[in-house]
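2 protein chains.
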Amino acid sequence: MNARHATALNPARERVLDAAMRLFTRQGYFNTSIPDIVRVSGVSTGSIYHHFGDKEGIARALFEALVNRMEAEFDRIDRSHDTAAARCRSVIELLFRITEDEPDVMTYMLFVKHREFMPEMAPVCSSQPFRHMRRMVEQGMDSGEFRRQDPMVAAATVFGGALRLINLRLDGILERPLQEYLDEVWDCAWRAVSGT
Amino acid sequence: MNARHATALNPARERVLDAAMRLFTRQGYFNTSIPDIVRVSGVSTGSIYHHFGDKEGIARALFEALVNRMEAEFDRIDRSHDTAAARCRSVIELLFRITEDEPDVMTYMLFVKHREFMPEMAPVCSSQPFRHMRRMVEQGMDSGEFRRQDPMVAAATVFGGALRLINLRLDGILERPLQEYLDEVWDCAWRAVSGT
DNA sequence: GTCTATATCCAGATAGAC
DNA sequence: GTCTATCTGGATATAGAC
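Chains A and B supply the protein sequences, listed in that same order. All residue numbers for the first sequence refer to my numbering, where the first residue is 93 and numbers rise by one. All residue numbers for the second sequence refer to my numbering, where the first residue is 93 and numbers rise by one.
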């Protein structure tokens with residue numbers, strides 16, 4: 093986790109977000125009470141409400157922070173590769189690495205049902221990072237690297253296998269680190285969508 | 093939904109399970125109160141507790157019923173096809189059909205975070221139907237229909253794309269019914285794993 | 001087996017001193 | 001900005017008549 097990170101710059105806000113991520117992903121949002129967050133973060137009820145307004149505000153701030161971080165990393169990937177295939181593969185590599193190093197981050201991004209406690213929020217699948225991934229695949233079809241087909245099917249195919257593996261890993265079904273599966277899963281994706 | 097089904101045989105148990113599935117999948121388990129279930133099912137608090145013991149008992153009974161149903165359908169698929177490829181494709185077709193006809197069923201099976209409210213439960217990915225799907229893929233490798241590779245990667249590849257599409261459809265991102273994507277998504281899966 | 005009425009608890013949120 | 005003390009509502013669950 094980024095515990096060191098949060099301890100370094102001590103401010104209450106960061107400590108609350110750090111505690112909340114841990115608790116929300118491990119016990120679930122609704123099983124986590126404000127008193128829980130007070131205990132784990134060491135920040136008082138009053139301060140928490142001062143910073144975030146209400147419990148949902150914590151969840152929102154956390155989500156926003158993680159989406160921004162993801163988006164920044166995807167932009168870097170865009171800039172450091174010049175084929176769609178290399179970008180897509182690099183995204184999978186990134187997701188695998190985050191899953192291994194910061195499982196809570198990946199859990200909160202992918203597998204928490206945000207809309208249950210943030211009703212106004214759009215589904216995760218339509219968040220910026222996910223749209224970005226779909227755009228990468230479309231560019232691959234435009235450039236001829238990937239064969240033409242329905243864009244949604246193409247994106248689901250390119251990333252679907254990797255996302256399943258992440259799911260399995262976070263659920264404790266896969267014992268070995270995801271990186272060991274990278275070549276194989278990318279090979280499958282490539283066979284499925286590469287230009288004829 | 094199987095509203096007709098539940099209305100036909102009226103007993104309280106069925107009406108509660110039906111209401112609970114609707115409410116749990118649409119608002120989430122924790123946003124659903126017993127009074128909510130009383131209102132929607134028309135069954136009283138006392139009866140509900142008599143039948144299910146506690147709120148979690150409703151969720152458990154529901155999950156068990158759906159897993160059993162799934163498993164029965166998978167068995168039928170096993171019996172009515174003689175190649176692994178045909179079975180896997182048929183599973184995807186089934187999942188697509190259920191998603192379209194009874195979205196709550198699919199949501200409750202795949203995307204509800206059961207462990208948040210049923211702590212002792214194993215992850216869904218290790219439930220009978222999921223294991224069954226993985227076994228189908230392994231048999232395909234044994235028979236030579238699918239090329240040999242890591243079984244988990246193979247299973248994630250065969251079903252990952254379809255499961256992504258189901259996710260997108262349930263989130264309202266895909267406008268067209270899943271059946272229209274069946275041929276295309278299966279083509280992708282087949283290219284990815286078919287024997288060299 | 002089904003119902004109504006009710007007990008108990010603890011969550012989210014606020015007040016107001018420092 | 002941070003804290004402690006406190007309010008209030010509504011949730012789960014029970015009691016006990018029918």
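It is possible that part of the hints are untrue.
[To be verified] In silico lysine-lysine, PhoX-like type, Cα no more than 25 Å apart, as pairs:
hint, chain 1, residue 1, chain 2, residue 2
1, B, Lys147, A, Lys205
2, B, Lys205, A, Lys147
3, B, Lys205, B, Lys147
4, B, Lys147, A, Lys147
5, A, Lys147, A, Lys205
6, A, Lys205, B, Lys205
[Claimed, not checked] Reference excerpt, derived from the structure (chain B facing chain A, CB under 10 Å, subset only):
hint, residue
7, Phe155
8, Val159
9, Val204
10, Phe209
11, Ala214
12, Pro215
13, Ser218
14, Asn259
15, Glu272
16, Trp282
Hints are computed from structural coordinates only; laboratory data are not their basis. Owing to the predicted nature of the structure, the values given are computational and were not obtained by experimental measurement. Quick reminder that beta carbons are idealized off the backbone N, C-alpha and C, glycines included.
Determine which of the earlier numbered hints do not hold for this structure and return their numbers in increasing order.
Numbers 7 and 8 - these are the hints that the structure violates, sorted from lowest upward.
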